[in-house]
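Peer 1: Next come the chains, spelled out residue by residue.
Number of protein chains: 2
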Amino acid sequence: MNLKEFAKAIGMSQTTVSRALSGYPEVKQETRQKILKLAQELGYHPNRSAAGLATGRAGAVGIVLREGRGFDPNTTEFMAGLANRLETRQIDILISVVEDRQQELAAYQRLAGSKRVDAIILHTPTVDDERMDVLKKLKIPFIVHGRGADGGDYPWLDIDNYGAIYRATSYLLDIGHRHIGMINGSRGDVFAEHREQGYRNALKERGIVFRSDLLTSGAFIDDVGYRSMQDFLSLSEPPTAVLAGSMMTALGVMRAVRSAGLQLGADVSLIAHDDVFNYINADNMVPTVSTTRSSMRDAGVRIGDILLQMLAGRDMSGHREIWPVELVLRESTRPPRK
Amino acid sequence: MNLKEFAKAIGMSQTTVSRALSGYPEVKQETRQKILKLAQELGYHPNRSAAGLATGRAGAVGIVLREGRGFDPNTTEFMAGLANRLETRQIDILISVVEDRQQELAAYQRLAGSKRVDAIILHTPTVDDERMDVLKKLKIPFIVHGRGADGGDYPWLDIDNYGAIYRATSYLLDIGHRHIGMINGSRGDVFAEHREQGYRNALKERGIVFRSDLLTSGAFIDDVGYRSMQDFLSLSEPPTAVLAGSMMTALGVMRAVRSAGLQLGADVSLIAHDDVFNYINADNMVPTVSTTRSSMRDAGVRIGDILLQMLAGRDMSGHREIWPVELVLRESTRPPRK
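Residue numbers (the UniProt record's numbering), protein chains in the order written: chain G, 1 to 338; chain C, 1 to 338.
Chain G extracted, bound-state conformation (with noise of 0.2 Å):
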């Protein structure tokens, strides 16, 4: 049974079976489950090609990872949130895994080429970043988690990571601090880029003067946490605060510093980047650990909403988003012992 005979024994149009079963929003829900149901009953089963021919659609947004590095928590979270908004109009997640950027660049014009994807979302801008414009020239809709470092004249969505990082520093130098490290993302992201200014500003403003052996790059893992930290301890001015990029990268110094026999919070304050994970909580920990918090899996669930909108055939191209980032105070952070 092919779409038109299954669109005839339902009494439907063919442009209206197609756009159900490609989960336009046009389509009322209820519609949507009688095709289905009915869909099911009759043995139709929708061929994805065939409906792509009627409404162009793929049914689903493209998204490509690095080996190694895309099913990290954070970005898991992303996922789950863009799954989850996605879901509700049956649209799918198609996701390569490459190497490198000249792979990832290979993957681009092969899902272009393919029209197996509607969009794409690219992700973690690094500060000289070819692939928004390769999209551009392969006329694919795209939409950016973070931004360029030149802000970018395309959709995207990001964090205050300046403001967050800014005001966390501020924060501690108020309480007394005058010596803070800060474990960031990996040079030459764009968000760890805004995170360092953020941290460099707050010091400048307050004439404290910056130092290099207080700031430490790599990925959001417990080990580079722990390996920073230690380093730190080493210092012979070591400091009494540190801003650690991830919840993961927090659990390194907190092993770090219990491993030296001090404690969090009386010894060294901690600030860490909280993502919101449901298995590393915050809150739960001991002592309590401040963070400035944005929840990573609602940031999925927004691009998963503007993504729609863009299928929906929408014009979002002048789409930009930041969102303000809070900071909880806990127990982790206190003035510095005299």
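Hints in this document: simulated from the structure, not taken from any laboratory. Glycine included, C-beta positions come from ideal geometry on N, C-alpha and C.
Distance ranges between label pairs, derived from CB positions:
#1 G151(C) x R320(G): 52 to 60 Å
#2 Q263(C) x L262(G): 17 to 25 Å
#3 R187(C) x L262(G): 38 to 46 Å
#4 N2(G) x G313(C): 23 to 31 Å
#5 R330(G) x Q263(C): 20 to 28 Å
Fit chain C to the known structure of chain G by using the hints.
Peer 2: Relative to the frame of chain G, chain C by itself:
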């Protein structure tokens, strides 16, 4: 430029070009690289549908995830391993997120009809699982991560959940524990049933009567561990040792033990099942945590291997694989206090 024109321009057959761009293992890596480079230079965008006509391949495998559960840390580790293996052949992963079993079955029908995937990965089989029969009827190749309650006449890969918990329980009995709590996965999931059987049989062999107040079940999140442990500690005869279904569960158990003013290892022993995450490390906890250990990521890599063999046309219908599980003893397990 279409496939025919491109193949002619570079002096290769359409079949070789198609196979190279669809990630066939038969094509040498070197040839594939060369063709990819030429495609970029000449501006040829491989059309997946055309390639599909030549090779019968979609170049993707499908996995259906349940809303709110799909992107948990366990599944994510599995996906990371899977993606890294498939990436070597440029095979993508198509993710559909659904709300319930009914929608999941509809998604399989949709995937089979659209020919957008070459095979499907089915995971977390339940005791009465109709999905394998549905996939057989749809005549789409699939492999199960886990196994059906009946053993199953289809390819599957599972860990020895029964043996893991049987051994962990037996060890706790060996060192003198008589009241052992178990915080299991969700009821009705085959792996959780296997674990419960391992627990019950180990008790039975020592003549220890099973206590239903010492068995809870639920999602693998911190909160379930915390609440279960609080309940255990409020019993008139609380357990002196606990089996936690995951590292997330273990974090909740540790929190409840601390909150009660007790000491892990000294007052309560703990063995957790560890899927091996790089951000929650049993070796880094205080005290270090004894575990039954099996890498979820390795399972993903291996399922990727088997899928690639299926896609290469090998008959894998008789493939069954059970992995043994290590018992790693650390500081959290000691004989009970006298």
